[in-house]
Structures are given as C-alpha cells and as structure tokens.
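Now for the letters of each chain:
There are 2 protein chains.
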Amino acid sequence: MDSMSPIERSLGQALRLAHAADGPPSLAAAMRYAVFPGGARIRPRLCLAVARACADDRPGLSAAMAVAIELMHCASLVHDDLPCFDDAPTRRGRASVHKAFGEPIAVLAGDALIVLAFQFLADAGRGAPARLPAMIGIVARAAGAPHGITAGQAWESEKDIALAAYQRAKTGALFAAATAGGACAAGHAERSWHPLGERIGEAYQIADDIRDVVSNERDLGKPVGRDASLGRPNAVASFGLRGAVARLEDLVASAIAAIPPCPGALELRAHITAEASRLLPRELARPAA
Amino acid sequence: MDSMSPIERSLGQALRLAHAADGPPSLAAAMRYAVFPGGARIRPRLCLAVARACADDRPGLSAAMAVAIELMHCASLVHDDLPCFDDAPTRRGRASVHKAFGEPIAVLAGDALIVLAFQFLADAGRGAPARLPAMIGIVARAAGAPHGITAGQAWESEKDIALAAYQRAKTGALFAAATAGGACAAGHAERSWHPLGERIGEAYQIADDIRDVVSNERDLGKPVGRDASLGRPNAVASFGLRGAVARLEDLVASAIAAIPPCPGALELRAHITAEASRLLPRELARPAA
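Just so you know, the protein sequences line up as chains A and B, in that order.
Residue numbers 1 to 289, in the working numbering, belong to the letters of the first sequence in order.
Residue numbers 290 to 578, in the working numbering, belong to the letters of the second sequence in order.
Just so you know, the hints here were simulated from the structure itself, not pulled from any lab data.
Here the structure is a predicted model, which means the values were calculated and not measured.
Virtual Cβ for every residue (Gly too), placed ideally from N, Cα, C.
One thing to keep in mind: the hints can contain errors.
Claimed, not checked - So the derived label-pair ranges between C-beta atoms look like this:
1) P233/A <-> L573/B: 55 to 61 Å
2) G529/B <-> A162/A: 55 to 61 Å
3) D22/A <-> P326/B: 35 to 41 Å
4) S277/A <-> K448/B: 47 to 53 Å
5) A100/A <-> P326/B: 34 to 40 Å
6) A55/A <-> G349/B: 30 to 36 Å
7) D22/A <-> R480/B: 16 to 22 Å
8) T379/B <-> R32/A: 34 to 40 Å
9) K159/A <-> G382/B: 25 to 31 Å
10) A100/A <-> S294/B: 42 to 48 Å
Using the sequences provided together with the hints, build the complete structure.
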C-alpha cells in the first residue's frame, strides 16, 4: 500500500527526472536530500487547495504547479543556508545541504532544483500547453528578480532595505504564486488570486517571527533568535508579542475575506482556517471563538 | 541608429524583465554585468543559424531560445567563478561577478538568470504555446541534472569522474540545446539536431583546452593553465598539441556532416565553417585547403 501523500509522490516523480545511472551521484543525492523529508509543504498544499476550489479540471497541471513551487522553496533554503548567507549548519533538524554534501554541490543542487521546477511544469503542460506560459510566468516572477524570492534575499545585501518590498519578495511571492498558480492550473484567471496568497504569506512571516523569538531550537530544527543576530526586521520586535499575534490573526481574517468567488470557496476557507491554527506555538494560540 | 545585434537587443529585452524601481538594485546590476558585454555569443548565434536553416517561421520564438541558452551560459559562468569552485577573480578581462558585487549577490544573480531564461521563453511562447513544452524541456535538460551543465560542474566534485559524461554535460549539453532548440523553435523535430551541437561542443571544448595551454592570459581574459592546476582533463595533455588540433578539425568535419536535411543547409554549413576558423589561436590554424 502506498501511504505517501500525492504531493510527496509528485515530488518524487520530479526528482526521478534529475537522476540517471550515468549522472553525477552526489548532485542527485543532494537534490533529494534537499526535498525529502520536507517541512509542512504548506505552499504546495495551499496551491492544491486553491486548484480544488476552482474545480481542478487538470489535476496533473495543478500537481506540477504545486511541485514547482515546493522545489523553488527547497532550492531557496539550500542557497539561503550557504556560508555567504545564513551559514546555517542545520535545517529541519539535520545537517544543511552544504554541511552534508559540501558547498559546490549545494550551489549546484539549488541551481538544478530551480531548473527542475520549470522542467516538471513543462512536462505536465504538454497536455494543455495553452495554460503553460501563464503558469511558468507565475513561478518565474515568484522566484526571480525583481520581486521574487531571489530578490527578497538580495535585499539583505542592500544598505537601504525597502522593508515592505523585502518581505513581499522574500515570503509573500511564493505564497502568492501558490494561490495564483493553483487557480491558473485549473483554468481560472490568476489575477484575483494574488491578494489571498500575499496575506497568507504575510501571516506566515509573522508566525515565523514569533517562533524565531519564542520557540526553542529543538522544536524549530534551526537556530532561533537568528533574525535579531542578523539584524533582520522582526514583527515581535516591532509590535511586541501580543501585537504580533493580533496582527497575524487580522491577516488570516483578511486572507479569508480575499478568497475570490469560486465553486469551492467554503472548503478553501476551512483549509485556510485549519492551516492558520497551526501557525502559532500552542501556548500562544487563543481558543477558537 | 541602433547598431546592436539582434541577440544583444533580445538579451537587453530579457534583462529589463528583471529590473524594477522597487526591486533590489544590486541584483539587477549584477545580472546585467554578468550578461553585458558578452563573449562571442557562440551558442545563441548557432541557435539562430539553425533556426534560419529551418526556415524560421517564428523569429520571436527562436530569439527567445537563443536568449535562454545564453542566459543559462552566463549564469553558469557566474556560479563557476565562485570561491567554492574556480575562485576566479576575473572573467572576460574584468572582475568576476562575486568580486564586483560580493558572493551573496553573485549566487542570487546566477539563480535569477536561470529563472529569467525560462520566463523569457514562456513569454515568447504565448503566441505558439504548442512548441513551448519541448523548448523548455531542451533548455532544462541542458542546464539541470543529470546531464546538463550543473551536472557537468558537479562531476568535478566526484571522486571517480566519468570523463565522457563530464565533458558532454559540461560543454556539449548547451551546444546541443542550441541546435535542437533552434530547430524546435522553428517547428522542426529536435531529435536529429542533437549530434550537430554535441560535436560542435566537443570541438569547442578542445579549442578551449588548446587555448588554456597556449594563449596568454591577456588574450583570454581569464587565468590560463587552470585546467592543469585544477587537475581537470585537457585534450592537449592527452593527445599532444598536434593531436588536439587534428581532433578538433575532425570534429568540425563530422559536425558539418551531421547537419540534418533542411532548407538552409548550405548557409548553415558556411556559418559553422566560419565559426570553426575562429576557434584556434591564429598561429595554430592551418590555411583552408
């Protein structure tokens, strides 16, 4: 019996494209290590939830979109952990990719994961190529310059950091791609789906800030208090813990209010509410009203 | 009057997608620096020559394919120059990207150039989406794992290097993408166009090996004798200088023999002959028979 979730299965399918008996073994191993076991897969699950809400008529396309977004996320973690950025020795409770495979293979694994995201999307798009340009555009804008995750990370090298642009690019972009991409894969216009993702991304960023301050290292699987030590903005530092929690709850409410009309709006609302309840460390969550 | 070549114009068009007033300025500047001024643009020119030989019916598509291949090439140079690989202080006669912009921005510029390659391709594909999946597949396989340029670079981190696979991936893959991609953009089946690019790539690799040994640093714009110091295979070391030159000439002849039937085969043959004559340092070139 196959107990893997569809997302894990699709990710495995994508990674098989990167492996061959006559390819360099460390690169394929590092790519797999960067993707499995994963975190909460929050972005691809959001993408699929939106596709379902839009009466997903091409499950192969929405699955590929979810995979592309997760691969892009994994690639960014590999590169962000490099010595020239966060120099993180651990990730998800074990050695980071460059600690496990060396820095050259970590750089290349990130590169190859970015490539694989587009390759898997294009393969899935063979059956419905008309949707492909928009889908690739969504992933590319969320990943590249000037507004995607690479741009978000690049802001950290600027003397004058544009805070809102930084956070929108660093976290919001990939969440907005998850919602816009899920809708687009299901044949819906992407435009109205961006605000939902942006707000969820902002909520997620604040939840991350809160965890960065209050969690202990073992729970998070990466060093905590890191934002402060790196001089990064943190919502708890700006608004206090109570203020940050209130802001997070406002954002979740405004995200739900931003769900565009679609056949499965109710289920999507339930999905987002359930996900949001997992964002806060248990001791901070208020009981649902 | 605009004296820029069409390739430079298209590259400039692509790079404008990566720039915005509210994006991080160093990232956009580093991407531009990595692409302009370029080298010989040998891959995109080959791609366009093949498209023309195939009676290029979608110049926008073939131009985007040429751009995607060149952006991928530029991205690989930026990452290959990083301290964890070649640690090259210079490239094309001036500071390498990480020397000019710092290592974080160099990593991100490479990432964002990879993303931009697919984004530009997808944008151009809006008018002919049916060709897009194959075009993206060609670029992705040439860039990613297990057989593209990242795989080629990854072989250098393996204890047991598979020499033929290494060179095919490191140099051949992007040349094969140039010929297959040019044909595919023009609506021809890509399959028969791979051997031409592979052989040109192999010839180019040997020419590079020869230059690595005989050129002086000023001509090449990067440190020479580097293969030997890094313990990389070099055709001159294996076959002697005369043997390497003979091998290069054989490869060019066999590349020309591999041109598939197409409306513009004669012009393509002339293009490849002219390009090949520029591969060798002048003092080594034999006068044409």
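Verification of the supplied hints:
Between P233/A and L573/B, the C-beta spacing of about 58 Å keeps the proposed range 55 to 61 Å intact. In this structure, G529/B and A162/A meet the distance hint of 55 to 61 Å, their C-beta atoms being roughly 58 Å apart. A hinted range of 35 to 41 Å holds for the C-beta pair D22/A and P326/B, which are about 37 Å apart. For the hinted restraint 47 to 53 Å between S277/A and K448/B, the CB-CB distance of approximately 49 Å keeps it satisfied.
Checked against the hint of 34 to 40 Å, the C-beta distance between A100/A and P326/B comes to roughly 39 Å, which is consistent with it. Between A55/A and G349/B, the C-beta spacing of about 34 Å keeps the proposed range 30 to 36 Å intact. At roughly 19 Å, the beta carbons of D22/A and R480/B sit within the given window of 16 to 22 Å. The given range of 34 to 40 Å is respected by T379/B and R32/A, whose C-beta atoms sit roughly 36 Å from each other.
Between K159/A and G382/B the Cβ separation comes to about 28 Å, which falls inside the hinted range of 25 to 31 Å. Evaluation of the 42 to 48 Å hint for A100/A and S294/B yields a pass: the beta carbon distance comes to about 45 Å.
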